Amino acid sequence: MAPILELKAVDKSFGGLHVTSKVSFAVMPGEISAIIGPNGAGKTTLFNQITGHLRSDAGAIFFKEENIVGRSPQQIVARGMGRAFQIASIFPDETVLDNIRAACLSRLGQTRKFWRSVVTFRQATEDAHAILDSLGLDSQADRLAFELAHGDQKLLDIGIALALKPALLLLDEPTAGMSPDERQHTRALIKKLWKAFDLTLVFIEHDMDMVFGIAQVVRVLQQGALLAEGTPEEIRANKQVITAYLGEDF
Amino acid sequence: MTKETAMNFKAATLWGMIVVLFALVPVLASSPYQINLASHVLIWSLFAVSFNMLWGVTGMLSLGQALFYGLGAYSVGLLVNYLGSAWYLPGIGIGLLAAALLAFFLGLLVIRVGGVYFTMLTLAFGQLAWQITFKWYDFTGGDDGIQGIMPPGLLGNKTAYYYFLLVLVLVSIWILKRMAYSPFGLILRCVQQNPDRVRFLGRRVRRNQLRIYIISSFFSALAGSLMVGVDSSIHTDMLYWTTSGEVILMSVLGGINQFFGPFVGAVAIILIEDYVGAYTEYWSLIIGTIMLVMVLGFPKGLVGEARRLIMRFGRTETGR
Chain A
1 MAPILELKAV
11 DKSFGGLHVT
21 SKVSFAVMPG
31 EISAIIGPNG
41 AGKTTLFNQI
51 TGHLRSDAGA
61 IFFKEENIVG
71 RSPQQIVARG
81 MGRAFQIASI
91 FPDETVLDNI
101 RAACLSRLGQ
111 TRKFWRSVVT
121 FRQATEDAHA
131 ILDSLGLDSQ
141 ADRLAFELAH
151 GDQKLLDIGI
161 ALALKPALLL
171 LDEPTAGMSP
181 DERQHTRALI
191 KKLWKAFDLT
201 LVFIEHDMDM
211 VFGIAQVVRV
221 LQQGALLAEG
231 TPEEIRANKQ
241 VITAYLGEDF
Chain B
1 MTKETAMNFK
11 AATLWGMIVV
21 LFALVPVLAS
31 SPYQINLASH
41 VLIWSLFAVS
51 FNMLWGVTGM
61 LSLGQALFYG
71 LGAYSVGLLV
81 NYLGSAWYLP
91 GIGIGLLAAA
101 LLAFFLGLLV
111 IRVGGVYFTM
121 LTLAFGQLAW
131 QITFKWYDFT
141 GGDDGIQGIM
151 PPGLLGNKTA
161 YYYFLLVLVL
171 VSIWILKRMA
181 YSPFGLILRC
191 VQQNPDRVRF
201 LGRRVRRNQL
211 RIYIISSFFS
221 ALAGSLMVGV
231 DSSIHTDMLY
241 WTTSGEVILM
251 SVLGGINQFF
261 GPFVGAVAII
271 LIEDYVGAYT
281 EYWSLIIGTI
291 MLVMVLGFPK
301 GLVGEARRLI
311 MRFGRTETGR
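Chains as they are written, first to last, in the working numbering: chain A, 1 to 250; chain B, 1 to 320.
Extracted from the complex, chain B is given alone in its bound form:
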């Protein structure tokens, strides 16, 4: 029991630090740009964490989660654009509902196949959605996207919007974390490690895969819809396969077997893009080099390797 209490205390401290750190951003920020940057960090963190519930936890490498990220964004963007800014919040709700429904029906199709075929199918559907959005210029704005999408009322204020998304992102990540450590999360990890054995526990493998596919897609859509108010725009890049690839990079960098791995990975990649991007347009070269070093030298990712170090030190201290 004392071990559990100590772990709860550590977890609560970690959460407290994250909340305080991000809550202080608008107070300490010297320019609106820093609030914008923190918003990007938070939204990508949510996107990466929800993606990793699919990949790191359940072992389903989707290369098409941008489909849901984009769906969330375009639901809000198009509704506001055609019906007015009062539709901003309902747009988020409609996007989430649409994402859950689409994930259900798409999931019935793509989960029938495993491994690399699943990855290829998710990529195919993702690119299909991108192509449609890209070509349907009259409705979606095509390559130009749609600019000037403003949230209504108080949320039009950048600081207020930041706190709005801060709460939603942190609550979402908290929900996903609880899920990861619950019996449902345990079964998902079991599905990854030994699906045959899961069947002989009396559990359905595909049904659990479908559940997490829907949940992951739901939160990906939330991330996308929140991004609309940050950049005041939607664009087809949000649906492009490189957006799906970005969360893979974040997960690998942070560590796919750690719940907070993708979170840390997202923070690192967004900050690197920002700071290195200010000096050179070849920032992706830096990201590429870092990824190479990580994958070859530190496959457990930033969080995984840090945890290994802590455990090693902990063991020498107690003399074990």
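Bound-form chain A, shown alone:
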């Protein structure tokens, strides 16, 4: 089987600062994997390169067997990539439902329709409710997004990405800033969504329970380079990773 996402010697520097250097790895379809590493290791920059937010200086990124370096985020999203952000990226003054519905309308190619009210778009509305339901947010559908609790805003952000029915979903620290209870809930939820939506999922995370609890593959970045790659067990036992990131008492 061909990988759905393949990075080949991907580079990015800002001035003299080498943020990612010669990163190569392949993500197989259906895989759930984690990217870990200390702050400043280049994890988010790597996501920005994959999603077209930043242009890679060198290397190639194959998504569904096509090099997407130089493509715009819009084009990459259209090919089936979805993304949620470290700081919840939502539409604060719209209802929770409309946040998701906007994404559904976009996927269905209906955002140019200017005559009928959004509520009459049945397919988009049903899809949006289904996604809110799977996130446990449907009871809050009519609230404005900014009124939601922080944790729920993060879930809404994931929901917006999910609504695009992406083949590959990238989550940037889905549990960042959450309470321990919310973390536990989100951990279980993400695993459930991965199964229910048949996703290929890559997430960046500092929560080790989540990383070692649900990831099939763990990749470690350090100073912009891929330090190690393997199953959770392999990573846990990797001497280099322990010294660089996990610490002796992990």
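Quick caveat, the hints were computed from the structure, so don't treat them as lab data.
The structure displayed is predicted, hence computed values, not measured ones.
Take these hints with a grain of salt, some might be off.
Here are the simulated PhoX-like pairs of lysine-lysine, each with C-alpha atoms no more than 25 Å apart in a straight line [unchecked claim]:
{"#": "1", "chain 1": "B", "residue 1": "Lys177", "chain 2": "B", "residue 2": "Lys10"}
{"#": "2", "chain 1": "A", "residue 1": "Lys191", "chain 2": "A", "residue 2": "Lys165"}
{"#": "3", "chain 1": "A", "residue 1": "Lys113", "chain 2": "B", "residue 2": "Lys10"}
{"#": "4", "chain 1": "A", "residue 1": "Lys195", "chain 2": "A", "residue 2": "Lys165"}
{"#": "5", "chain 1": "B", "residue 1": "Lys177", "chain 2": "A", "residue 2": "Lys113"}
{"#": "6", "chain 1": "A", "residue 1": "Lys8", "chain 2": "A", "residue 2": "Lys64"}
Label pairs and their in silico Cβ distance ranges [unchecked claim]:
{"#": "7", "chain 1": "A", "residue 1": "Glu147", "chain 2": "B", "residue 2": "Thr242", "range": "56 to 66 Å"}
{"#": "8", "chain 1": "A", "residue 1": "Ser139", "chain 2": "B", "residue 2": "Arg178", "range": "26 to 36 Å"}
{"#": "9", "chain 1": "A", "residue 1": "Glu66", "chain 2": "B", "residue 2": "Pro90", "range": "45 to 55 Å"}
{"#": "10", "chain 1": "A", "residue 1": "Ala60", "chain 2": "B", "residue 2": "Thr242", "range": "51 to 61 Å"}
{"#": "11", "chain 1": "B", "residue 1": "Ile272", "chain 2": "A", "residue 2": "Leu17", "range": "51 to 61 Å"}
{"#": "12", "chain 1": "B", "residue 1": "Met120", "chain 2": "A", "residue 2": "Leu17", "range": "30 to 40 Å"}
{"#": "13", "chain 1": "A", "residue 1": "Gly213", "chain 2": "B", "residue 2": "Met7", "range": "57 to 67 Å"}
{"#": "14", "chain 1": "B", "residue 1": "Thr280", "chain 2": "A", "residue 2": "Asp142", "range": "45 to 55 Å"}
{"#": "15", "chain 1": "A", "residue 1": "Glu147", "chain 2": "B", "residue 2": "Met150", "range": "27 to 37 Å"}
{"#": "16", "chain 1": "A", "residue 1": "Thr95", "chain 2": "B", "residue 2": "Gly93", "range": "33 to 43 Å"}
{"#": "17", "chain 1": "A", "residue 1": "Glu126", "chain 2": "B", "residue 2": "Ala12", "range": "43 to 53 Å"}
{"#": "18", "chain 1": "A", "residue 1": "His206", "chain 2": "B", "residue 2": "Thr13", "range": "53 to 63 Å"}
Heads up, the beta-carbon is just placed ideally off N, CA and C, and yes, glycines get one too.
Model the placement of chain B on the given structure of chain A, informed by the hints.
Coordinates of chain B only, in the frame set by chain A:
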């Protein structure tokens, strides 16, 4: 479903009231002046509502929509002046087409920059158009403008012209309202609130901004062209930046986050100008004071604050 039906019913009632109210003006008016005043109210309402699709909805504060308002007016005025009154209606059409084309090419330039730079560029182009019109005396009449522009045939009758513009204004506002609540309108609001996220929905931010810039300019031009028959004249003030500023005031007064906010704001400002203007030449002082109070105390505008009150009462009634 029942909630939607109830909302449709409320919207239909509101529309019915507006239509009946304005349709009755010529019947109830005791002088042609009141028809003239109602015409001003309607035209400014259309101008303000179309401007607010740009600002309140999409977050693009243009300080140059007078350019399109004036373009609509001067297309009609100049064509009638040089070619005869038969060119009145074609003049409106040509003005609308010219506005859409100009907005397209100008939009490609000014939408490349965001925020205050967009505002400054629209101001610059607006003032450029004003300056040209002002200096080109032989063609445009310069500061004097052109007087005595009459619509042809039946439309020469003030009452008939009033109904003509009433229909066009209300249909235009209705179209814009449908747009505001459509998927396109939703994406425009999303563009204002979080353009980065819109890109990751797979939508182009600038393209949507360009679309609404063209649409807003088109209806601004319609407002301008309709005004020609009301005052039977065109003048350079229509292109001046204070005309662009006027619709900003109307939007703020009525509430920029409410579709009917600019409409209510336009009604209020035109009526205040008229009534206070009859007593004192310092009417702008009154407008200024009202604006100050609104912005500091009631930033949601007349419609926004009214809606907040209704919601609060509604909640106490049902005990929530």
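Structure-based check of all given hints:
Our distance criterion of 25 Å between C-alpha atoms is met by Lys177 of chain B and Lys10 of chain B, whose separation comes to about 15 Å. This hinted pair checks out: Lys191 of chain A and Lys165 of chain A have alpha carbons roughly 16 Å apart, not beyond 25 Å. The hinted pair formed by Lys113 of chain A and Lys10 of chain B meets the criterion: a straight-line CA distance of about 24 Å does not exceed 25 Å. Restraint check for Lys195 of chain A and Lys165 of chain A: the C-alpha separation of about 13 Å stays at or below 25 Å, so the hint holds.
In summary, the hint linking Lys177 of chain B to Lys113 of chain A is supported, as the alpha carbons are separated by about 13 Å, within the 25 Å threshold. Between Lys8 of chain A and Lys64 of chain A the alpha-carbon distance is near 14 Å, which keeps this suggested pair within the 25 Å criterion. Look at Glu147 of chain A against Thr242 of chain B: about 39 Å separates their beta carbons, and that is not inside 56 to 66 Å. Our hint of 26 to 36 Å for Ser139 of chain A and Arg178 of chain B holds, since their Cβ atoms are close to 30 Å apart.
For the hinted restraint 45 to 55 Å between Glu66 of chain A and Pro90 of chain B, the CB-CB distance of approximately 51 Å keeps it satisfied. In this structure the supplied range 51 to 61 Å holds for Ala60 of chain A paired with Thr242 of chain B, their Cβ-Cβ distance being about 56 Å. Evaluation of the 51 to 61 Å hint for Ile272 of chain B and Leu17 of chain A yields a pass: the beta carbon distance comes to about 58 Å. For Met120 of chain B paired with Leu17 of chain A, a C-beta distance near 34 Å keeps the hint of 30 to 40 Å intact.
The supplied range of 57 to 67 Å is broken by Gly213 of chain A and Met7 of chain B, whose beta-carbon atoms lie about 46 Å from each other. Separated by about 48 Å at the C-beta atoms, Thr280 of chain B and Asp142 of chain A satisfy the suggested range of 45 to 55 Å. For Glu147 of chain A and Met150 of chain B, the Cβ-Cβ distance of about 56 Å falls outside the hinted range of 27 to 37 Å, so the restraint is violated. Remark: the range hint 33 to 43 Å for Thr95 of chain A to Gly93 of chain B is upheld by a beta-carbon distance near 40 Å.
Hint check: Glu126 of chain A to Ala12 of chain B, Cβ distance near 26 Å, so the stated range 43 to 53 Å is violated. Between His206 of chain A and Thr13 of chain B, the C-beta spacing of about 55 Å keeps the proposed range 53 to 63 Å intact.
Hint violations for this structure: numbers 7, 13, 15 and 17, all remaining hints satisfied.
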